[in-house]
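Starting from the known structure of chain A, arrange chain B on it as the hints suggest.
Just so you know, the sequences run in chain order A and B. So for the first sequence, my numbering puts the first residue at 1; every next one is plus one. So for the second sequence, my numbering puts the first residue at 1; every next one is plus one.
None of these hints come from the bench; they were simulated from the model. Watch out, some of these pointers could steer you wrong.
Note: identical chains are not told apart, hence a pair may lie in one copy or across any two.
Claimed, not checked - Straight-line Cα separation of at most 27 Å, DSS-like style, residue types lysine-lysine; simulated pairs:
no.	residue 1	residue 2
1	K351	K101
2	K287	K117
3	K65	K208
4	K120	K178
5	K102	K371
6	K102	K374
7	K371	K101
8	K213	K196
9	K351	K102
10	K196	K57
On a predicted model such as this, the values are computed, not experimentally measured, just so you know.
One letter stands for each residue in the lines below.
Protein chains: 2
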Amino acid sequence: MLAVLQMELQRLPGFRDFYPEDRAWLNYIVEYWRTTAANFGFAEYDGPTLESTDLYKKKSGEELKSQLFRFVDQGGRDVCLRPEMTPTVARLVAARERDFKKPIKWFSISPFFRFEKPQKGRLREFYQINCDLIGDNSPAADAELISLAIHLLRCFGLTERDFSVRLSNRNLWSEFLKRHDVPVDRIAEFLSVIDKLGREEESRLAEKLAALKLTLEQIHSFLATPPDQLPGFEDLLREFRWRGIEGFCELDLTIVRGLDYYSGLVFELFDRGQENRAIAGGGRYDKLIEVISDGSVDLPAAGFAIGDVVLRNFLEELPYTRALAAERMGKRALRGYIVIASETRRPEAIKLATRLRAAGLSIDFPLEAAKVAKQFQTAESLGAQYALVVGQEWPQIRLKNLSTRGESVVLETDLETNLKLEN
Amino acid sequence: MLAVLQMELQRLPGFRDFYPEDRAWLNYIVEYWRTTAANFGFAEYDGPTLESTDLYKKKSGEELKSQLFRFVDQGGRDVCLRPEMTPTVARLVAARERDFKKPIKWFSISPFFRFEKPQKGRLREFYQINCDLIGDNSPAADAELISLAIHLLRCFGLTERDFSVRLSNRNLWSEFLKRHDVPVDRIAEFLSVIDKLGREEESRLAEKLAALKLTLEQIHSFLATPPDQLPGFEDLLREFRWRGIEGFCELDLTIVRGLDYYSGLVFELFDRGQENRAIAGGGRYDKLIEVISDGSVDLPAAGFAIGDVVLRNFLEELPYTRALAAERMGKRALRGYIVIASETRRPEAIKLATRLRAAGLSIDFPLEAAKVAKQFQTAESLGAQYALVVGQEWPQIRLKNLSTRGESVVLETDLETNLKLEN
Numbered sequence: 001m002l003a004v005l006q007m008e009l010q011r012l013p014g015f016r017d018f019y020p021e022d023r024a025w026l027n028y029i030v031e032y033w034r035t036t037a038a039n040f041g042f043a044e045y046d047g048p049t050l051e052s053t054d055l056y057k058k059k060s061g062e063e064l065k066s067q068l069f070r071f072v073d074q075g076g077r078d079v080c081l082r083p084e085m086t087p088t089v090a091r092l093v094a095a096r097e098r099d100f101k102k103p104i105k106w107f108s109i110s111p112f113f114r115f116e117k118p119q120k121g122r123l124r125e126f127y128q129i130n131c132d133l134i135g136d137n138s139p140a141a142d143a144e145l146i147s148l149a150i151h152l153l154r155c156f157g158l159t160e161r162d163f164s165v166r167l168s169n170r171n172l173w174s175e176f177l178k179r180h181d182v183p184v185d186r187i188a189e190f191l192s193v194i195d196k197l198g199r200e201e202e203s204r205l206a207e208k209l210a211a212l213k214l215t216l217e218q219i220h221s222f223l224a225t226p227p228d229q230l231p232g233f234e235d236l237l238r239e240f241r242w243r244g245i246e247g248f249c250e251l252d253l254t255i256v257r258g259l260d261y262y263s264g265l266v267f268e269l270f271d272r273g274q275e276n277r278a279i280a281g282g283g284r285y286d287k288l289i290e291v292i293s294d295g296s297v298d299l300p301a302a303g304f305a306i307g308d309v310v311l312r313n314f315l316e317e318l319p320y321t322r323a324l325a326a327e328r329m330g331k332r333a334l335r336g337y338i339v340i341a342s343e344t345r346r347p348e349a350i351k352l353a354t355r356l357r358a359a360g361l362s363i364d365f366p367l368e369a370a371k372v373a374k375q376f377q378t379a380e381s382l383g384a385q386y387a388l389v390v391g392q393e394w395p396q397i398r399l400k401n402l403s404t405r406g407e408s409v410v411l412e413t414d415l416e417t418n419l420k421l422e423n
Numbered sequence: 001m002l003a004v005l006q007m008e009l010q011r012l013p014g015f016r017d018f019y020p021e022d023r024a025w026l027n028y029i030v031e032y033w034r035t036t037a038a039n040f041g042f043a044e045y046d047g048p049t050l051e052s053t054d055l056y057k058k059k060s061g062e063e064l065k066s067q068l069f070r071f072v073d074q075g076g077r078d079v080c081l082r083p084e085m086t087p088t089v090a091r092l093v094a095a096r097e098r099d100f101k102k103p104i105k106w107f108s109i110s111p112f113f114r115f116e117k118p119q120k121g122r123l124r125e126f127y128q129i130n131c132d133l134i135g136d137n138s139p140a141a142d143a144e145l146i147s148l149a150i151h152l153l154r155c156f157g158l159t160e161r162d163f164s165v166r167l168s169n170r171n172l173w174s175e176f177l178k179r180h181d182v183p184v185d186r187i188a189e190f191l192s193v194i195d196k197l198g199r200e201e202e203s204r205l206a207e208k209l210a211a212l213k214l215t216l217e218q219i220h221s222f223l224a225t226p227p228d229q230l231p232g233f234e235d236l237l238r239e240f241r242w243r244g245i246e247g248f249c250e251l252d253l254t255i256v257r258g259l260d261y262y263s264g265l266v267f268e269l270f271d272r273g274q275e276n277r278a279i280a281g282g283g284r285y286d287k288l289i290e291v292i293s294d295g296s297v298d299l300p301a302a303g304f305a306i307g308d309v310v311l312r313n314f315l316e317e318l319p320y321t322r323a324l325a326a327e328r329m330g331k332r333a334l335r336g337y338i339v340i341a342s343e344t345r346r347p348e349a350i351k352l353a354t355r356l357r358a359a360g361l362s363i364d365f366p367l368e369a370a371k372v373a374k375q376f377q378t379a380e381s382l383g384a385q386y387a388l389v390v391g392q393e394w395p396q397i398r399l400k401n402l403s404t405r406g407e408s409v410v411l412e413t414d415l416e417t418n419l420k421l422e423n
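Bound-form chain A, shown alone (with noise of 0.2 Å):
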């Protein structure tokens, strides 16, 4: 019995029950990431929630394809729940390229899915912002997406020192495997080396190099490629520069990302601290939106996702930044709880509920008779930044701040101005 109530009132494991405290999280991260996109003149979009199979095909890479959530739908199509929103917003380009000037500037916050093993900053879902700049391969470009990217972990109070931008450019690994006379159509298996380095063990990494006839002693010597090297690098550090970003960014030749479509610049935030762990990342796609339409569009692309969970464990764990949420979303409680202390005008304080949600303000009353004591524990409970008692005394309403305890008595026709002016 006890068995069979549990696996009824479980979520599945990797998913998420948003609680009102969780979904206040959520709210905020996404709030904040959705204003600060658009002040840097980037405009939402969104794609399905299920996507062809097909879609993923190309160029998501091995990795992503083993974690699909994949089946085959009533109308027998093979679909998927979308694992990432790149091949999406390639193929939103790609059918409508003509009606959208360049540079196409998007963002989208979705949820995705990817089925991993569940552990702490990784979820079977989760939310991503994904910012995409598209026909336009300039400096300046990149300069700009790294700068939101950055902004976008601002905006929640974090700062130089909690988190670096760390850029790296697979033409480099490219031109590093011609040197050494490694066959192109072996670079996937290469950077998948290069992605685990430092975190698998040194003699399984020489052995996999082996078989790509090279050895640790020159990636190593090759990762200590001066910053001067990575191509564009003087023009990329102007634009940083210009935008007073510079401080945050260092070239790390051991970032490649694990998808396949990228091409040339790829970046990884990364928290500073203990934790050591990516916060986004992103890169150059230049050819993907010409993979996805069959060589009908070519244009370059750039861009980058941040996760919620990864990034939720960060702000609660620093002092100021988790001081900062709190007090940002405290301010969501609600304006007024109305005080019924008579019933006799249960009437005129419904219809006052009625004209001051009317009027854009958040107000709550008991539905049933209770008592003048009981209502304000349920006031303070609630979050009420104001009680308004109603009582014999209407038209006139004891107006009680429930945070600083002061009191006034205003007429109910001048409610709405008190309670818009007050704070």
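The following block gives chain B in isolation, referenced to the frame of chain A:
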């Protein structure tokens, strides 16, 4: 070749791409819903997109079960994309019932999935606002919910002329069946006939009724039941009057709702125009939480949902709601576009953009050198309110209001104040 291209560029049938114009519509609907529900003292929650199929087996009804996007995941679990919210909210409340004061007033806005034949107003992925009031089965609770449903349409400019609330009560039909000696376990079969009244041929309906030993005449005479026969009608009407919504409400016993879990009061919000379509629906499900929790939690509950697809169609068809939507969505445009009249001032222009964005203003600028006239065109096409001309006169900026064509010259340090104050 073309066939392949077409296939890969297409979304799945019944699913939507949200290009910026469509996403703006969805945001408009979601934001007004969110504010209105919060003004009524409802707290936002959400559940996962994927749930165990078990959750829907008990009470969702046969029609819904045939429409599930259902599959076995990589871990061997029988899962489906959520087709509705009520079982999830029942699960959430049952799991942590003691943590929340009653009545629990919750809402959510999320995507849902049903494998239906795509047609006008009906898609395979759609958004719904779900509002539930749990732990109170008084007429006040019903009125509060119905008032919220009405205001979730009124907030878009819809009026009493545009839609009505059709009220019904399943208990009336249960008593009707008892009087006519129809066995209790055939109520679902019976209600599905009532649900089809006026939508299926009379002869076909008469046939189905005959199987229950009933006639169409009996049904039609029962449908003429006067409103005051609705259980608790007087109390409900009084609560409606206090909320000023009595003009929206009418009795219509043909409303029975398609889901098995409804008990007692049910209602639908109907377009009063030609289209005669349901915009929202809901009712009491006093026993669902008990069923979902296998008897461990017993709380009365009621709720409703409004979908985004029919609502957007409705709002686009009526001239005044369309105009209101355009006006409100128009306000989201870019605040300022920086025209770089002299490339030597590009560093200053980018620093200015960075600063204004951080101050909460939406600002854009050209990533590459372009003629001034072309930059003004871009400013117009992006819907910017102002052009900020940065040139040799720096630190003086020419500020041009692109709606009124008015111009002024402002010091760069005064821009925040100017752009925030002016409209």
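Those earlier numbered hints the structure runs against, lowest number first: 2 and 4
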